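Engineer: Work out the full structure, taking the sequences as your base and the hints as a guide.
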Amino acid sequence: MSTSIGLDSSETSATLRSDGRPVYDRGGTVCVIGAGASGLAAIKNLREHGFGVDCYERETSVGGAWNWRHDRSPVYASTHLISSKPSTEFPDFPMPDSWPDYPHHSQLLGYLERYAAHFDLLQYVWFGTEVIRVEPADGNRWDVTTRSTGGYGAERIQRYAAVVIANGHNWSPKIPAYEGLDEFRGQVMHASAYKDTTQLRGKRVLVIGAGNTGCDIAVEAAQQASKAWHSTRRGYWYVPKYVLGRPTDQVNAGLTRLPLGLRQWFAARTLRLTVGDLTRFGLPAPDHKIYETHPIANSQLVYYVGHGGISPVPDVARFRGNTVELTDGRTIDPELVVLATGYLPKFEFLDPSLLGGDPAGRPSLYLNAFPRRHPTLAVAGLLQADSGIFPLVHWQTVAIARRLRLQEAAPDRAAAFSARVDAGAGGRWSSAKVKESTRHWFEISHSDYLRELQTVLDDLETAK
Amino acid sequence: MSRTRIIRTRDWASPVPPVHREVRSATPETDEGKPPVLFVPGYGHGAWTFAEHWLEHSASRGFAAHAVSLRGHGGSGAAPKATLRAYVHDVVQVAASLPRQAVLVGHGAGALVVTHALARYPARAGVLVAPVLGGWGTLGGALRRNLAGTLPAVFGGRLRLNRRQLFSRELPVATAADYTARLGRATARAQWQLLAHRDPEPPVGNPPLLVLGSPDDRIVSASALTRAAARYAAAPLLFPGMGHDLMLDARWREPIDAILDWLDKDAPTP
Numbered sequence: 001m002s003t004s005i006g007l008d009s010s011e012t013s014a015t016l017r018s019d020g021r022p023v024y025d026r027g028g029t030v031c032v033i034g035a036g037a038s039g040l041a042a043i044k045n046l047r048e049h050g051f052g053v054d055c056y057e058r059e060t061s062v063g064g065a066w067n068w069r070h071d072r073s074p075v076y077a078s079t080h081l082i083s084s085k086p087s088t089e090f091p092d093f094p095m096p097d098s099w100p101d102y103p104h105h106s107q108l109l110g111y112l113e114r115y116a117a118h119f120d121l122l123q124y125v126w127f128g129t130e131v132i133r134v135e136p137a138d139g140n141r142w143d144v145t146t147r148s149t150g151g152y153g154a155e156r157i158q159r160y161a162a163v164v165i166a167n168g169h170n171w172s173p174k175i176p177a178y179e180g181l182d183e184f185r186g187q188v189m190h191a192s193a194y195k196d197t198t199q200l201r202g203k204r205v206l207v208i209g210a211g212n213t214g215c216d217i218a219v220e221a222a223q224q225a226s227k228a229w230h231s232t233r234r235g236y237w238y239v240p241k242y243v244l245g246r247p248t249d250q251v252n253a254g255l256t257r258l259p260l261g262l263r264q265w266f267a268a269r270t271l272r273l274t275v276g277d278l279t280r281f282g283l284p285a286p287d288h289k290i291y292e293t294h295p296i297a298n299s300q301l302v303y304y305v306g307h308g309g310i311s312p313v314p315d316v317a318r319f320r321g322n323t324v325e326l327t328d329g330r331t332i333d334p335e336l337v338v339l340a341t342g343y344l345p346k347f348e349f350l351d352p353s354l355l356g357g358d359p360a361g362r363p364s365l366y367l368n369a370f371p372r373r374h375p376t377l378a379v380a381g382l383l384q385a386d387s388g389i390f391p392l393v394h395w396q397t398v399a400i401a402r403r404l405r406l407q408e409a410a411p412d413r414a415a416a417f418s419a420r421v422d423a424g425a426g427g428r429w430s431s432a433k434v435k436e437s438t439r440h441w442f443e444i445s446h447s448d449y450l451r452e453l454q455t456v457l458d459d460l461e462t463a464k
Numbered sequence: 001m002s003r004t005r006i007i008r009t010r011d012w013a014s015p016v017p018p019v020h021r022e023v024r025s026a027t028p029e030t031d032e033g034k035p036p037v038l039f040v041p042g043y044g045h046g047a048w049t050f051a052e053h054w055l056e057h058s059a060s061r062g063f064a065a066h067a068v069s070l071r072g073h074g075g076s077g078a079a080p081k082a083t084l085r086a087y088v089h090d091v092v093q094v095a096a097s098l099p100r101q102a103v104l105v106g107h108g109a110g111a112l113v114v115t116h117a118l119a120r121y122p123a124r125a126g127v128l129v130a131p132v133l134g135g136w137g138t139l140g141g142a143l144r145r146n147l148a149g150t151l152p153a154v155f156g157g158r159l160r161l162n163r164r165q166l167f168s169r170e171l172p173v174a175t176a177a178d179y180t181a182r183l184g185r186a187t188a189r190a191q192w193q194l195l196a197h198r199d200p201e202p203p204v205g206n207p208p209l210l211v212l213g214s215p216d217d218r219i220v221s222a223s224a225l226t227r228a229a230a231r232y233a234a235a236p237l238l239f240p241g242m243g244h245d246l247m248l249d250a251r252w253r254e255p256i257d258a259i260l261d262w263l264d265k266d267a268p269t270p
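From first to last, the protein sequence lines are chains W and A. Residue 173 in full-length UniProt numbering sits at position 173 of the first sequence, with consecutive numbering throughout. Residue 83 in full-length UniProt numbering sits at position 83 of the second sequence, with consecutive numbering throughout.
Simulated from the structure, these hints should not be mistaken for laboratory data. Treat the hints with care, since some could be wrong.
Cβ pair distances, simulated, as ranges [to be verified]: (1) A:ASP264 to W:ALA410: 50 to 60 Å; (2) A:ALA196 to W:ASP458: 21 to 31 Å; (3) W:ASP277 to A:PRO202: 44 to 54 Å; (4) W:GLN107 to A:ASP264: 34 to 44 Å.
None of the values given here were measured: they were computed from a predicted structure. Note that CB positions come from ideal geometry on N, CA and C, so glycine has one too.
Structural biologist: So this is what it looks like as structure tokens:
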């Protein structure tokens, strides 16, 4: 069935659905869920392609994860970017030259606020409004049910030509199932609840998890806590933020055209020369090649291990009363345990089958954005990249906009793209053998991903 | 025009180094919601060339107006090795720093910088004034008209434009001589890139484009103007009897009024 996607229609005439509830038709308007970085890029690029947009944001301001006033923000006081400016900024809206290589999270929020103001996007955002249901309607259209955040007020159903989901995937904590965790008498918090160093001061702290957040909190614990343990399941590559006096990702960017094996050799060699042998510090040696897990950009972790501020320990075997037993048989007695164990994606407003999700909740998408069988549904920003995410999400939302335009302008070519989506959904956009874990569900290599996206953009190019 | 390349290895691996940038501005007394206009001077010219007349005039018509000096020009920081890429960076940085989506107006070789900047920044609109878009034809014309001033530039020296190339006879000689004396120079590298450079990628965001100039311009020939216009728009707006530096010439008001009229009428509102 073809879909008619026209320009913005502000007419909203209510009709009754089969369940007797009124639905307001928004014509060719596209619904964007979330006004974080991905949602804002989606609004801007859809507008540039001539679409009307209604964006629903549950908070009262933009910024999503990067707005630390938001209750779902994972940001803590000391959060800085881990990718440097050139590979982090939107490709058509550079960060100021006067900013440092790795800006602070408050600068990033300012950047997103300026992006929204510069492109006049706020007029399309309905703040304080939560999407509670997204259901398919006739003709590849979508019924979106919204209400005020917190459940106040009446529900309202509106029908859209397309839906772009940009609700973020770093807000629903993943809590591991450790034996005895419920009975543990010390304090346990997920990293999502960690905000600043006062929470660590003077305590015996165990940080679990070697993601970038876990490593950052371990470093802060080294400076603030009376004792800091850092528990990791395996050995990792700890990449300093600077090598050869330059941001590491800028040095790496010059090598992206080399074959993966050569890049892995070069990176391992550089780290051996700069960071050195990790086992000398009591850290486990990496059990995988670099780029096979999400890179950790942290110059300070190894430094504090070397100064005795952080005691590296293996995985937790079980919790017991006041103590924690480790897999090597040792027992430690932390007062505070910080679970820096990551997040799981959550689309509570959507039947998981629409994204081709498996029972574990992992969507099956082409380029992590396009589901099978639903040409007018897309997800923006569902990416764990070895670089900044904004350039990727920018081009992803351009591709989404072009695809929606093509639905109307050239149904044959749109059908050919759908065939490509069917064939490619669930693919991995990384030539490295990425570890199989929920942490790496959305792991991509930015260069592999962008190469595929370039082909898609060229194919989808159409006269606007 | 080539396609938009999304893998920008060079920009990521070797970003343009920062430098102090001179930006001169004039803002209207009341904000009427019109888009800001960013003027980009050509090689050798600084922001002052727009500060003479066009900035204030634009502000008086309700447009916040800004002019940037490309690095190594005017009051901006020195940049002896600057490239076309660095000049484009300067323009995009200033455009993105403005509170609202800007209109880019490039004059002379500044128009070439603008065509590249339009591929990096979704401007509200683009205006190319007496555009010097480069190529070997530009060199041939310049050598014919001013051999002594142009020849050194071929070997990396300074391009010396004379006042007869830049201004009409209506501009008082003393004023023309003063303006000419204030001209600086682009880097040797950037001058070479004027002749041989990669085609700009298509403008992002599909902005409307306007080309204007003078059939009596002694730097940009009428045919070059027509070619430039055909590339980006239907036909150029012509202002006979004016020199290359339309913003400084005696009848400076006519072209800027035409640009602002066009923006009032045709520039899309968000």
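Engineer: Could you run down the list of hints and mark each one as holding or not?
Structural biologist: So, going through the hints one by one against the coordinates:
Under the hint 50 to 60 Å, the C-beta atoms of A:ASP264 and W:ALA410, about 35 Å apart, miss the expected range. The beta-carbon spacing between A:ALA196 and W:ASP458, approximately 26 Å, falls within the hinted interval of 21 to 31 Å. Between W:ASP277 and A:PRO202 the beta carbons are some 50 Å apart, a value that agrees with the proposed interval 44 to 54 Å. Judged by the Cβ atoms, the range 34 to 44 Å given for W:GLN107 and A:ASP264 holds: they are separated by roughly 36 Å.
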